[in-house]
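Protein chains in written order, with UniProt numbering: chain A, 1 to 191; chain B, 1 to 191.
The hints are simulated quantities; they were obtained by calculation from the structure and are not laboratory data. Mixed in with the good hints, there may be bad ones.
[To be verified] List time: in silico BS3-like cross-link candidates among lysine-lysine, alpha-carbon distance up to 30 Å: (1) A/K36 with A/K144; (2) B/K56 with A/K36; (3) A/K144 with B/K5; (4) A/K56 with B/K49; (5) B/K60 with A/K102; (6) B/K102 with A/K60; (7) B/K5 with A/K56; (8) A/K5 with B/K144; (9) B/K36 with A/K144; (10) B/K56 with A/K49; (11) B/K107 with A/K56; (12) B/K5 with B/K36; (13) B/K102 with A/K56; (14) B/K35 with A/K56; (15) B/K49 with A/K60; (16) A/K56 with B/K36.
[Stated by the list, open to error] Incomplete in silico selection of chain A near chain B, CB under 10 Å: (17) K120; (18) T126; (19) Q129; (20) E132; (21) Q139; (22) N140; (23) E149; (24) I171.
For every residue, glycine included, the Cβ atom is placed at its ideal position computed from N, Cα and C.
Protein chains: 2
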Amino acid sequence: MFVLKIMVETSARHIHLTQEDLDTLFGKDYKLTPKKDLSQVGQFACVEKVEVIGPKSSIKMSILGPVRPETQVELAKTEARSIGIDAPTRMSGDLKGTPGCKVIGPKGEITIDHGVIVAKRHAHFTPEQAVEYGVKDGQNIQIKLDYNERALIFGDVIARVSKTAGLAVHIDTDEANAAGLPGTVDGEVIL
Amino acid sequence: MFVLKIMVETSARHIHLTQEDLDTLFGKDYKLTPKKDLSQVGQFACVEKVEVIGPKSSIKMSILGPVRPETQVELAKTEARSIGIDAPTRMSGDLKGTPGCKVIGPKGEITIDHGVIVAKRHAHFTPEQAVEYGVKDGQNIQIKLDYNERALIFGDVIARVSKTAGLAVHIDTDEANAAGLPGTVDGEVIL
Numbered sequence: 001m002f003v004l005k006i007m008v009e010t011s012a013r014h015i016h017l018t019q020e021d022l023d024t025l026f027g028k029d030y031k032l033t034p035k036k037d038l039s040q041v042g043q044f045a046c047v048e049k050v051e052v053i054g055p056k057s058s059i060k061m062s063i064l065g066p067v068r069p070e071t072q073v074e075l076a077k078t079e080a081r082s083i084g085i086d087a088p089t090r091m092s093g094d095l096k097g098t099p100g101c102k103v104i105g106p107k108g109e110i111t112i113d114h115g116v117i118v119a120k121r122h123a124h125f126t127p128e129q130a131v132e133y134g135v136k137d138g139q140n141i142q143i144k145l146d147y148n149e150r151a152l153i154f155g156d157v158i159a160r161v162s163k164t165a166g167l168a169v170h171i172d173t174d175e176a177n178a179a180g181l182p183g184t185v186d187g188e189v190i191l
Numbered sequence: 001m002f003v004l005k006i007m008v009e010t011s012a013r014h015i016h017l018t019q020e021d022l023d024t025l026f027g028k029d030y031k032l033t034p035k036k037d038l039s040q041v042g043q044f045a046c047v048e049k050v051e052v053i054g055p056k057s058s059i060k061m062s063i064l065g066p067v068r069p070e071t072q073v074e075l076a077k078t079e080a081r082s083i084g085i086d087a088p089t090r091m092s093g094d095l096k097g098t099p100g101c102k103v104i105g106p107k108g109e110i111t112i113d114h115g116v117i118v119a120k121r122h123a124h125f126t127p128e129q130a131v132e133y134g135v136k137d138g139q140n141i142q143i144k145l146d147y148n149e150r151a152l153i154f155g156d157v158i159a160r161v162s163k164t165a166g167l168a169v170h171i172d173t174d175e176a177n178a179a180g181l182p183g184t185v186d187g188e189v190i191l
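Taking the hints into account, I'd like the entire structure generated from these sequences.
Written as structure tokens, this is what we have:
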């Protein structure tokens, strides 16, 4: 059988910020300091960190750049529970009705009334890669993994097709641990 | 198709203690206080809690009774990482070469040189249930789940057959979160 492989990356908890919120947290006209380019074209992990405060406790996380039109916190369910936030599983940007939190930076703090989510697992394809893999934007695919005696098949992986995509599946740390992943690995696409 | 269902329970982090370690932590000839019976015959969650100390931080957990021949800490990979312990994925009781930790109770503390594990996912059957489900002790089975837009199929689920079994699959909190489970659910056995 012909097997289509795809890189599976683990997204650690992180925050996306608007320029306005970045300014409040780090000072006026602040510019993020890129630390590492991500697989998605133009996206980067930053040196800067913030503290996200929930009703039970708080947790530090990195900022992902560049700035976005809306501030968004992405964390794993285990982490959300530990800080006392009942975050729903959503695709990035689908923030309506999600819980908020307080965020503290070195120069100030913000309170968002929504924007805290557990990211829904998804796979990025360019239009050309989507043709090659036989997937359509929004399609629900499966990814098979077999590592460290925790073999599993993730269903409900949403294909996202965009010109700036880097071919990769993104899962959170709970999912990576459930699959026993030692780091970035290759998975097998099942349609 | 004939579908075999099985209850899937999430094991939160916990510790099993020897009577000797229990005495050190809670006082001589201490008797555990049962809080809730578990699905496995004779096993119970206790009112008592201890603090497990790793190199990075510590975490509180309940004791599961009755006392055992060997002290064993079971926690999810996310939790092990957060306290700084690189715990391997093992079946309960398979503790050779596993890392240790310090444990603090109200009356004293112990240091174990091994016994910290991430539990390997498994399914309990009585001999009669094993026949009904068509599984053998030690067999690697799959469990299909479909909850909260995080459908998945867990592979590497080890069947354990014993007379005192309560029919159930046991997974940890990382696995439960990866599967979007709202609590105890039914899964589907795939052989």
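Hint check:
Restraint check: the Cα-Cα separation between A/K36 and A/K144 comes to about 28 Å, which is no more than 30 Å; the hinted pair holds. Of the supplied pair hints, the one linking B/K56 and A/K36 holds, its CA atoms being roughly 25 Å apart against a limit of 30 Å. At roughly 22 Å between alpha-carbon atoms, A/K144 and B/K5 fall within 30 Å of each other, so this suggested pair holds. A hinted pair counts as satisfied when its Cα atoms are at most 30 Å apart, and A/K56 with B/K49 qualifies at roughly 19 Å.
Distance hint between B/K60 and A/K102 is fulfilled; the C-alpha atoms sit about 26 Å from each other, no more than 30 Å. Taking the CA atoms of B/K102 and A/K60, the gap is near 26 Å; set against the 30 Å cutoff, the hint holds. Restraint check for B/K5 and A/K56: the C-alpha separation of about 36 Å exceeds 30 Å, so the hint is violated. This hinted pair checks out: A/K5 and B/K144 have alpha carbons roughly 22 Å apart, not beyond 30 Å.
For the hint pairing B/K36 with A/K144, the CA-to-CA distance comes to about 37 Å; that exceeds 30 Å, so the pair is violated. Restraint check for B/K56 and A/K49: the C-alpha separation of about 19 Å stays at or below 30 Å, so the hint holds. Taking the CA atoms of B/K107 and A/K56, the gap is near 28 Å; set against the 30 Å cutoff, the hint holds. Straight-line distance between C-alpha atoms of B/K5 and B/K36 comes to about 24 Å, which keeps the hinted pair within the 30 Å bound.
A hinted pair counts as satisfied when its Cα atoms are at most 30 Å apart, and B/K102 with A/K56 qualifies at roughly 25 Å. Of the supplied pair hints, the one linking B/K35 and A/K56 holds, its CA atoms being roughly 24 Å apart against a limit of 30 Å. At roughly 27 Å between alpha-carbon atoms, B/K49 and A/K60 fall within 30 Å of each other, so this suggested pair holds. Only pairs whose Cα atoms come within 30 Å are accepted, and A/K56 paired with B/K36 is accepted, the gap being roughly 25 Å.
Of the supplied interface hints, the one on A/K120 holds, with its beta-carbon coming within about 6 Å of a beta-carbon of chain B, less than 10 Å. Because the smallest distance between the Cβ of A/T126 and any Cβ of chain B comes to about 25 Å, over 10 Å, the interface hint for this residue is violated. Contact between A/Q129 and chain B, as hinted, is not supported at the beta carbon level, the nearest pair being about 24 Å apart and thus beyond 10 Å. Hint status for A/E132: violated, given a least beta-carbon distance of 25 Å to chain B, over 10 Å.
The restraint placing A/Q139 at the interface with chain B is violated, with a minimum CB-CB distance near 14 Å, outside the 10 Å limit. Using the Cβ-Cβ criterion of 10 Å, the hint placing A/N140 at the interface with chain B is satisfied: the shortest such distance is roughly 9 Å. Of the supplied interface hints, the one on A/E149 holds, with its beta-carbon coming within about 5 Å of a beta-carbon of chain B, less than 10 Å. Among the interface hints, the one on A/I171 holds; its C-beta lies about 8 Å from the nearest C-beta in chain B, closer than the 10 Å criterion.
The structure does not agree with the numbered hints 7, 9, 18, 19, 20, 21 stated previously, though it agrees with the rest.
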